[in-house]
Amino acid sequence: MKMKRMLALLLAAAMIFSLAACTSSGTQDQGASAADAQDVLEGKTYVDTYKTYFSSSYASFNYFSTAYATVREIVSNCIDGLVEPDIYGVYVPSLAESWETNDDETVWTFHIRQGLKWVDHTGAETEYDLTAQDFVDGIRYIADPQNDAYSMRVVRNLISGLYDYYWDLDDIDCGDKTDMTREEAAARFDEMVGVKALDDYTVQYTLDSSAPYFLSLIESSMLLLPIEYDYAVEMGDDFGIDNEHMLYCGAYYISQFERDKAITLTANPHYWDKDHVNLATVEYQMISDDTTSVEMFKRGETDYTTVAAEEYLSMQGTEWGDKLIPTDHSFSTNYLWLDFDGENPEFNAFVNNENFRLALMYAMNREAIGALREPVDPSRILRNTINAEGAIFDSNGKDYTDYSPLKEIKEMDYTNPDLAKEYMEKAIAELCDADGNIIGCEPTTVDYLPVCSFAVDGKLPVTICYVGTDDEDEIVMAQLLKAMIEEALGTENVDFHIEAFSGWTYGTVADPLNYDIYFDSLSTNYADPSGILTRLTTDGAENVGCYDVPEYDALIEEALAADTFEDRLQKFAEAEAYLAGKGFVIPFISSLRGYYMSYCVPHTSPLTLYGNDKYKGCQVMTEPITFEEFQALDAQYDIERAEALKAK
Amino acid sequence: MSRYILRRALRSLLTVVIVFVAVFMLLRLMPLSGYFPPEMIKEADEATRMVYLRNQGLLDHPMVQLGRFVGNMFHGDLGRSLTVYPKVPIATLLKEKIPVTAAFGFASMLIGIVFGVGLGLFMVRFKDKAGDKLGTVFILLVRAVPSLIYLFFIQVWISKWFNLPLIFYKDRPISWILPTICLSLSSIAYYALWLRRFMVDEENQDYVKFAQVKGLPKREVLKRHVFKNAAIPLIIYIPYDLLMIIAGSLVIETLYAIPGTGGLLTTAIKSQDNNLVQVIVLMYAILSVIGVFLGDLLVAFVDPRIKLTEGE
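If you read the protein sequences in the order shown, they are chains A and B.
Going by our numbering, the first residue of the first sequence is number 497, and it counts up by one from there.
Going by our numbering, the first residue of the second sequence is number 83, and it counts up by one from there.
Read the hints as simulated data drawn from the structure, not as lab findings.
Keep in mind that this is a model prediction, so the values were computed, not measured.
Just so you know, not all the hints are guaranteed correct.
As the list claims (entries may be wrong) - Straight-line Cα separation of at most 27 Å, DSS-like style, residue types lysine-lysine; simulated pairs:
id : chain 1 : residue 1 : chain 2 : residue 2
1  : B       : Lys209    : B       : Lys352
2  : A       : Lys794    : B       : Lys300
3  : A       : Lys1144   : A       : Lys894
4  : B       : Lys169    : B       : Lys352
5  : B       : Lys209    : B       : Lys291
6  : A       : Lys894    : A       : Lys978
7  : B       : Lys291    : A       : Lys794
8  : B       : Lys310    : B       : Lys300
9  : A       : Lys547    : B       : Lys352
10 : A       : Lys922    : A       : Lys1144
11 : A       : Lys547    : A       : Lys770
12 : A       : Lys547    : B       : Lys252
Said to hold, decoys possible - Pair by pair, the computed Cβ-Cβ distance ranges are:
id : chain 1 : residue 1 : chain 2 : residue 2 : range
13 : A       : Glu740    : B       : Lys209    : 58 to 64 Å
14 : A       : Ser810    : B       : Leu246    : 20 to 26 Å
15 : A       : Gly986    : B       : Ser115    : 36 to 42 Å
16 : B       : Met112    : A       : Asp873    : 55 to 61 Å
Stated by the list, open to error - If you want a taste of the chain A side facing chain B, the calculated C-beta under 8 Å gives, among others:
id : residue
17 : Asn558
18 : Val579
19 : Ile583
20 : Glu740
Cβ coordinates follow ideal geometry from the N, Cα and C atoms, glycine included.
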């Protein structure tokens, strides 16, 4: 076995070398890569149980009303959607055998598999058939405000009539609408809302606007999953509170659930695609800290663990050093919010000046900040764009972030203290008199209570109040930001305060604008930039800094009205470049961090870019995969994926 | 005595009511945005958030909410968790969690008393000798060193040396050993420290010296007089400790992945889970007053010199 492993490592290393060296002999490389990947897996043995863990509580399995991201992973394995991505991220049939859409992609019709039934927590078939009506009822369930569906915004605004139906019911509940009863309003669902069961096995969605990204929304949003309505109504508030109060139609059912402790998924014996389910059981334990999970991995008590970047360095040179694999991607972007409407008159005067915002942007050494999160290779987590790279592609496979002028922002090196100083001097020239008094700014006391309160004198240096959480890592990052900004712009020009706030940050800091600069994140949740960008307009829900950007708003309107998907992406790219390039928000790193060790063969389960990991297809070996083995398999996979995307 | 019990019960009831109402009202002063996890507050617009709050009854007047809660409680309905475990009945949660925490708490309390008292006696018996000094080192380590350091050491290294599981598994009794030991360490140190201190104090009393002068053997004096008197200040807390074992330990339950109540109240307060906070506070308040009351009764029972009423 050792000999084989050595051979595999040698072959993997040789393959990497050949890929790097022979850029002109693509065909030859592909052949070599395929052979190497095969060699890596030769002689491997596999098990049918996967032991893993979760780090925070599974609050509820009600996939429509839970706000917790952790629940998604279990649900995505237990409830199938209409479509699913294959291992290359190409959408393939799932509960829908086939689908079609009209020319402007506003009407989507799905043909459901026949003969499927919901199963219970013992894996036994119930009397409930899985039909097109279950998808209609899923929307019916979330359309009732009393069911507290979470994250309604995208779906409610997209499916025709859903918005009006929802608020009609709510108006009745509030007593604002008295011309009909709740029952009468609910009876209008079928005529009002754009989701219909054309027959038992055909469901059709009618959308208010063109949605070429609709399949990715099906992957990412739990609100488009089916529900057995009679069962859910019978359960009432108990629906999804544990494994015994829900039904399953996915590759697994939850056979055991111990709150805050353990979850066992067992392969669904009636699953429509059971031949592609390799793992009979997935066992979860709750482990709250990384150190314990790493130690358990070393002792063979779990088949997967994340490893913090700091620990990566300490594990080098040990027997585990060659098994550390960098985490793959994160669509979440960390950025700085600037408060355009706060009480600090000094910051208010400056933040509305473009030169000042650019000065802030160029003063930040993003790689140094990245090194706090990823000391091994900080460059891999840098991100200048709001939407993530590798998340959205046009029909030709071109990455959205490669659309000009967003591409220039993406590739820009913003670390330039000299330029930052120049911009700062320009801002001062425009905003201050010769004595350093900020024009129109009077001395006052700024009330950001309960966060902080401080006096400003209306003169340079301009006081900047950065508010973050009391998380140790975040405080270190804030201190680094302070050092960078004060050094680049000069302490005679800026006075950077740090306020570390303990408690509910959004409700106490962000929402009431008790900050000048604030640190947050946004995620690309489906294959369209609108997911984030429409929320960042002047009136958008995510514009917590209260800026006013009519130019950006107009570009967003143009993007939404574009005729083709490529035109749409182009306009969105222009809008995003406008917002990020002028410093209305300052994205700087992704949330990507850390490493992992695993017994899983990479790229054997669906590539869920927008949803959560699925175990369908996953192969688990009897020994952990090494980084060299991973690289060999990954190289082969990249070639295959490029071909698959091209053939899409 | 019965008058004392009645008066004490009424006073306890009043205490519970004041604590409960104060906590209930304080919770209503928290910002409404605190009822939403970060994911939801970003996704939901103001109107949708209001729908949620109204559905949960959080927009009603606090007195209406109080009346509803008390009314439901008298019908045996403790309500459902709001934010920590959305919609899960609180009674179900407590039913799941309390037995686990109580089992560990009871075992560790027993170990704490047995070994703590044993260690205290041992230290007194060998006062100022090596045994006493070793005991003092143990007590100092447990009480002075931040608990996370030695708890973590025990979890990672002791488990490795003795080949014990790193976390708790319900169906593997061997995995119960380390968390129980960890939970009992501080009580062992507590009982040993105070018993030693009280016994040393008693040893210097005139009646002890008199007994020794009269020729009673030291062992007999320690057992019949010194220990009995020194144990009284410790006994008073035993009923309270016994009832409050259900509170659990946040650190140890987290380290060993024990699905108990440790940290439940803290989490509920941080997440503004009003219903859960109210029930837990009510439960703890009731148990606390009962614990203190039973402690008073117990101490009067153990030491007949102590009178609970003036007339007795």
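Here's how the hints hold up against the structure:
no.: 1; hint: Lys209/B / Lys352/B; verdict: 47 Å, violated
no.: 2; hint: Lys794/A / Lys300/B; verdict: 55 Å, violated
no.: 3; hint: Lys1144/A / Lys894/A; verdict: 13 Å, holds
no.: 4; hint: Lys169/B / Lys352/B; verdict: 17 Å, holds
no.: 5; hint: Lys209/B / Lys291/B; verdict: 17 Å, holds
no.: 6; hint: Lys894/A / Lys978/A; verdict: 38 Å, violated
no.: 7; hint: Lys291/B / Lys794/A; verdict: 61 Å, violated
no.: 8; hint: Lys310/B / Lys300/B; verdict: 14 Å, holds
no.: 9; hint: Lys547/A / Lys352/B; verdict: 31 Å, violated
no.: 10; hint: Lys922/A / Lys1144/A; verdict: 51 Å, violated
no.: 11; hint: Lys547/A / Lys770/A; verdict: 20 Å, holds
no.: 12; hint: Lys547/A / Lys252/B; verdict: 16 Å, holds
no.: 13; hint: Glu740/A / Lys209/B: 58 to 64 Å; verdict: 59 Å, holds
no.: 14; hint: Ser810/A / Leu246/B: 20 to 26 Å; verdict: 24 Å, holds
no.: 15; hint: Gly986/A / Ser115/B: 36 to 42 Å; verdict: 37 Å, holds
no.: 16; hint: Met112/B / Asp873/A: 55 to 61 Å; verdict: 42 Å, violated
no.: 17; hint: Asn558; verdict: 7 Å, holds
no.: 18; hint: Val579; verdict: 23 Å, violated
no.: 19; hint: Ile583; verdict: 28 Å, violated
no.: 20; hint: Glu740; verdict: 11 Å, violated
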